[in-house]
Amino acid sequence: MTDALVVSGLTKTYFGTRGGTPVTAAKDISFAVPKGGSLGLVGESGSGKTTVSRMIVGLSRPDTGTVTIDGRDRQWRSRGRKARLARAREAQMVFQDPYGSLDRRLTVEDALRDVLRRHQRGLTAPGVTARITTLLDRVGLAGTLSASRPHQLSGGQRQRVAIAKALAVDPTVLVLDEAVSALDVSVQAQILALLNEIRHDSGVSLVFVSHDLAVVAEVTDQILVMYEGEAVEHRGTDDVLCRPEHPYTEMLLSSAPGPDWRPERVAELRAVFAASRQPSS
Amino acid sequence: MLLTIRDLNLTVPMPAGPRQILRDVSLSVDTGETVGLVGESGSGKSTTARAVLRLVPDRARTSGSVTVCGVEAGDVQEIRTHHAAMIFQDPRSSLNPVRRIGDSATERLVHVHGVSRAEAVRRLVDLMAEVGLRDPERLLRKYPHQLSGGMLQRVVVAAALSTNPELLLADEATSALDVTTQAEVLALLRRLRREREMGVLFITHDLLLAGAFCDRVYVMKDGSIVDEQPGGTVFVNPANPYTKALADATPRLPERAKPTGAAR
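Chains A and B supply the protein sequences, listed in that same order.
Using the numbering used here, read the first sequence as starting at 1 and increasing by one per residue.
Using the numbering used here, read the second sequence as starting at 282 and increasing by one per residue.
Some clues are possibly wrong.
Restraint-style ranges between C-beta atoms, simulated for each label pair [to be verified]: (1) S186(A) / G298(B): 22 to 30 Å; (2) S397(B) / A275(A): 35 to 43 Å; (3) G351(B) / Q278(A): 50 to 58 Å; (4) D63(A) / D416(B): 42 to 50 Å; (5) G20(A) / G298(B): 49 to 57 Å; (6) G345(B) / A275(A): 23 to 31 Å; (7) E400(B) / D114(A): 55 to 63 Å; (8) Q358(B) / V23(A): 44 to 52 Å; (9) R105(A) / R403(B): 48 to 56 Å; (10) D339(B) / G122(A): 52 to 60 Å; (11) R105(A) / D529(B): 37 to 45 Å; (12) T13(A) / H363(B): 46 to 54 Å; (13) D73(A) / V391(B): 54 to 62 Å.
Note that these hints are calculated values from the structure, not bench results.
As the structure is a computational prediction, the values presented were derived from the model and not from experiment.
Note that the Cβ used here is the ideal one computed from N, Cα and C, for glycine as well.
Next up, chain A with everything else stripped away, as it sits in the complex (with noise of 0.2 Å):
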């Protein structure tokens, strides 16, 4: 089976627009999902986790490597609508604010038939109704919401929102940007079990960062743990939060609470850390 997504040596570099040093955010990057398959991008702030999720959506270009969908690799320069339109059908992502994604105008039925007529074009009225409703189903909003507006939604109900309009447009890849970050924990959990379902029944790939290890444990089966801009560790979900093997992802793990949690390991192991990054010269 191909992979949906290959990620190849994606490198990104940011000036500073006043002489700053540049800063690297993004680093060789490579890995590859496959269909239905999930994969964990995690990482302090600053670590370069949005700037690679950015390229996979297209919403900023590699300095060099190359994003490939469905086996065709990625196009920046190609304008004109029908481009577009296959572009944001290669990958779609969900943002931490949904309040952000959304016009406050529009109902969510609105918002999202503003989405099926731009990408379903083929779509009868009574078919767009239709997958209106399907869509809905989907995300778990009965169909008495479809008239509300984005202020008349709870923070659960609009990120559900967020994530029908991605899957509107029947994405090969849907990448999910701290998207359960700001939810609560009962919401937070019926949106993880809805990503389970929507990519074992509809074989979308997904993209999860998260800075939330114990989020991410539990949608994907493959984790990238990036420290400025580079992978430190790339291996299966299980093998990383059990045998962790770099000293980085080990202090991830040990600031997560659980039973046995001392904050004062953290500051210990990110000095041996710390150390083990100098410079040999």
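Given chain A, put chain B in place with the hints provided.
What follows is chain B alone, placed relative to chain A:
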């Protein structure tokens, strides 16, 4: 008792009729004790903490009593000045955007506690180093928009601790931080609890974190306290059905082999 809240009720008049935010909330925090207040959004946990400093809407009607170090909450100026400090989730709400961070962060020490500016900066810089901020003197000369949220939050934590409060009210104070940074900030709070016997009311949505960090944990739902447990017990099948539902919904890391010491 450092903090005692007894039968606190709070009702806010709304266009659709009065809405009761808190119902008969009673809790206590002892000297040197860290007490968790856990609940989902809208459960009333923040309102409870804000009521201690009377940071509630003017039109809210309250009944019940709040006492900090034996001072009734009526004398809120005394409590705010000498006994309690509060940290909020969003650091940008506690720093003036057009003043240098150092001026905002030392304001309380200099103008309320009468500490000299140099001494205030020295205290602040020490605490900032402890929460993992590199080059603190340089940071104090910057404006809030020049720092990331995580850095600002650590500045705010350091500023709150620099006044040596007996009671710290931390409202989701570490929720927006990286897990690693969160652990470092909490390690500092733990040490201060030991050294200065500071009491902490630790508000969080994260039941596992509360269990790991706090001596005791209250669970709130719909404005009422529904459960009280010693910390740590949330890991072993809580008896209260709501606490159990919260615990079950919380994602956990899989069990793993014991960490192999400090990895090389």
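Here's how the hints hold up against the structure:
no.: 1; hint: S186(A) / G298(B): 22 to 30 Å; in the structure: holds (27 Å)
no.: 2; hint: S397(B) / A275(A): 35 to 43 Å; in the structure: holds (38 Å)
no.: 3; hint: G351(B) / Q278(A): 50 to 58 Å; in the structure: holds (53 Å)
no.: 4; hint: D63(A) / D416(B): 42 to 50 Å; in the structure: violated (30 Å)
no.: 5; hint: G20(A) / G298(B): 49 to 57 Å; in the structure: holds (56 Å)
no.: 6; hint: G345(B) / A275(A): 23 to 31 Å; in the structure: violated (54 Å)
no.: 7; hint: E400(B) / D114(A): 55 to 63 Å; in the structure: holds (60 Å)
no.: 8; hint: Q358(B) / V23(A): 44 to 52 Å; in the structure: holds (46 Å)
no.: 9; hint: R105(A) / R403(B): 48 to 56 Å; in the structure: holds (53 Å)
no.: 10; hint: D339(B) / G122(A): 52 to 60 Å; in the structure: holds (58 Å)
no.: 11; hint: R105(A) / D529(B): 37 to 45 Å; in the structure: holds (39 Å)
no.: 12; hint: T13(A) / H363(B): 46 to 54 Å; in the structure: holds (51 Å)
no.: 13; hint: D73(A) / V391(B): 54 to 62 Å; in the structure: holds (60 Å)
In this structure, the earlier hints numbered 4 and 6 are contradicted, and the remaining ones agree with it.
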